[in-house]
Amino acid sequence: MDTLAILRSMLLIRAFEDALIKRPDHGFQLLSSGQEAVAVGVCAALHDGDQLLSSGRSIGPALARGLDPGIVMAELLGKAAGPCGGKAGRGHLAQPSAGFFGAHAVVAGNLTIAAGVALAMQLQGPSHIVACLFGDGACGAGALHETLNIAALWKLPLLLVCDNNQYSVSTRRSEALAPARLSDLAMPFGIPSATVDGMDVTAVYDAALAFAQRARSGEGPAFLECVSYRFASHSTATRETRSAAELKAARELCPIRRFAAQLEEQGGLTAGIRETLERDVDGQITEAMRFADSAAYPLASEALVDGV
Amino acid sequence: MASEMASATVKLFYREAIARAVREEMMRDPRVILIGQDVAAMGGSYKEFVGLFEQFGASRVRNTPVAEASMIGLGVGAAAAGMRPLVSITYMDFLMLGLDPLVNYGAKLRYKSGGQLSAPVVVKTTAGAKGQGVAHSQCIESWLMNVPGLKIVAPATPADAYGLLKSALREDGPVLYVDHKRLFPGAGEVPCVEDLIPIGKSILRRHGRDITIVAHSYMVRVAEAAADRLAAEGISCEIIDLRSLAPLDLAAICESVARTSALLTLEEGQIPCGVGGEIAFRVQEELGPVRVARVGALPVPVSSNPVLEAACIPDAERVCQAVRQILSASRNPVRNVSQ
Chain A
1 MDTLAILRSM
11 LLIRAFEDAL
21 IKRPDHGFQL
31 LSSGQEAVAV
41 GVCAALHDGD
51 QLLSSGRSIG
61 PALARGLDPG
71 IVMAELLGKA
81 AGPCGGKAGR
91 GHLAQPSAGF
101 FGAHAVVAGN
111 LTIAAGVALA
121 MQLQGPSHIV
131 ACLFGDGACG
141 AGALHETLNI
151 AALWKLPLLL
161 VCDNNQYSVS
171 TRRSEALAPA
181 RLSDLAMPFG
191 IPSATVDGMD
201 VTAVYDAALA
211 FAQRARSGEG
221 PAFLECVSYR
231 FASHSTATRE
241 TRSAAELKAA
251 RELCPIRRFA
261 AQLEEQGGLT
271 AGIRETLERD
281 VDGQITEAMR
291 FADSAAYPLA
301 SEALVDGV
Chain B
1 MASEMASATV
11 KLFYREAIAR
21 AVREEMMRDP
31 RVILIGQDVA
41 AMGGSYKEFV
51 GLFEQFGASR
61 VRNTPVAEAS
71 MIGLGVGAAA
81 AGMRPLVSIT
91 YMDFLMLGLD
101 PLVNYGAKLR
111 YKSGGQLSAP
121 VVVKTTAGAK
131 GQGVAHSQCI
141 ESWLMNVPGL
151 KIVAPATPAD
161 AYGLLKSALR
171 EDGPVLYVDH
181 KRLFPGAGEV
191 PCVEDLIPIG
201 KSILRRHGRD
211 ITIVAHSYMV
221 RVAEAAADRL
231 AAEGISCEII
241 DLRSLAPLDL
251 AAICESVART
261 SALLTLEEGQ
271 IPCGVGGEIA
281 FRVQEELGPV
291 RVARVGALPV
301 PVSSNPVLEA
311 ACIPDAERVC
321 QAVRQILSAS
331 RNPVRNVSQ
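If you read the protein sequences in the order shown, they are chains A and B. With our numbering, letter number 62 in the first sequence gets 62, and the count goes up by one each step, no holes. With our numbering, letter number 131 in the second sequence gets 131, and the count goes up by one each step, no holes.
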């Protein structure tokens, strides 16, 4: 595990979203701040040639997978220079050539698709796997049951990662989902599963790596629940329903602060290194904004391109 | 000699035409796989996949659990990742369980990814009433005609079943392929040599003078039976078999209606927002007012009771009545009727 690369990736997601949200034209976004450790920990366990699918909360996963922040920003702002020509936005952001098969903004809608991508990989040759990120909201949907069943039967190279931020918009996970742990959902299918602290990037990475290696060697799917917390409201258009006290307590669990403290304690991170990383990330964000700002919107005639 | 070869045909049952199409495409393209309930050793609910499991094996012919959402999701996802799956959904009614991956993902994929991805999947299903009741009889193809990015074909003959399925498996986007239960017992001539029926092209089944009847799938047979009866009364019907519902072959329909100046649309599904309503409007956008009638199912579910089923879905007699009514409505030539 390249610890500084992991820290840098989490810093990049946070800085990217902070910069995005300051813009008056940020549009409708679902932010990943607070949940950086899940996307970054999982992506650190993936190889080139693997594919990642995410929910509509895609900014963290896309940046963690290594997409260029400039083209991601362009896509989010509707610019033609985005990988999807500005047609997808964050809800459907995709760059399969970079290993990000894409976001899909229907809750639980990406599960069966991910199983299909995994089936294609299994048929096309060994060693590549699919990771699919979804929220706790998807665990109430029948698609998860169908996907677990077929993935177990067919030993699909599929890593299912539930980024359990503990809320479906305003509905608490405890009100919506009966299982004690969401990873219990995989047990009847004989799928190995684990629940880890999603605010601890090391825990996420260690679990994801073990499951990814298992899937890569042909032993089939796994289910990883990462208990996380989102710092912003569900979306930029959704009013906050959680108490100020709850939010304040959650911010104390910040995965970036926590990982940085661990590294400092171990002697792998000094104030100087941290400053260099942050300056480097700031420069990358400035460049991303410059790129996105200078990019053009699609022509209206683009509405009719790629429709069929 | 060559032309004799090209025109030679062989008589095949409808199910045999399907099996031949899938077999040829699986031999031609290793990316083609078959996913569905009872498609492997059983050979499909209608025996339309007999022999494929034995020939291509368990990795390319895959039985699934009874789980339409994941069946279609698997097909769409595998298609997006480079395969060309054929997903078999036994009854069209059950397509509803898998519309999310088909409509929200597959049909939009090329557009939403800016052309980076597409989903060349064929979802094959079987529509129509044949004694199986309210949730095993429906024809819901018109629901899907307003999904951008989705093509829909509905053959009426073994030759078209063969040629359209082969074309569908070579399309670069999702295709819904609709069979009909009442077509399976039938047989027909199919070209001996490989043949592809283009998607988006109708076929003129019968030349006529007085009225154009447009139909698809099993209703083409009903139209032909009605046209036989009406011929005895001196009424000459032209019959267009749509073959493709999306895209519609509007040019051919308009060319016919411009000659006959009367249009009857016939479908087994519901009339409101149906295939016929769309065709009738678009023909009149092109040609101006013409005499139009729509014939479809009664606005009730289709019962398994044989008396009630027959009462619900169109038959030759209802088509004849509608044709007589429309052709006799000379005082108000554009007063359109539905029945």
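Hints in this document: simulated from the structure, not taken from any laboratory. Mixed in with the good hints there might be a few duds.
[What the hints assert, rightly or not] One side of the interface only, derived from the structure: several residues of chain A facing chain B at Cβ under 10 Å:
#1 H26
#2 G27
#3 F28
#4 L53
#5 G82
#6 A105
#7 M121
#8 P126
#9 S127
#10 S233
#11 L263
#12 G267
#13 L269
#14 I273
#15 Y297
#16 G307
Virtual Cβ for every residue (Gly too), placed ideally from N, Cα, C.
Violated constraints from the hint list, given by number and in increasing order: 1, 2, 3, 8, 9, 10, 11, 12, 13, 14 and 15
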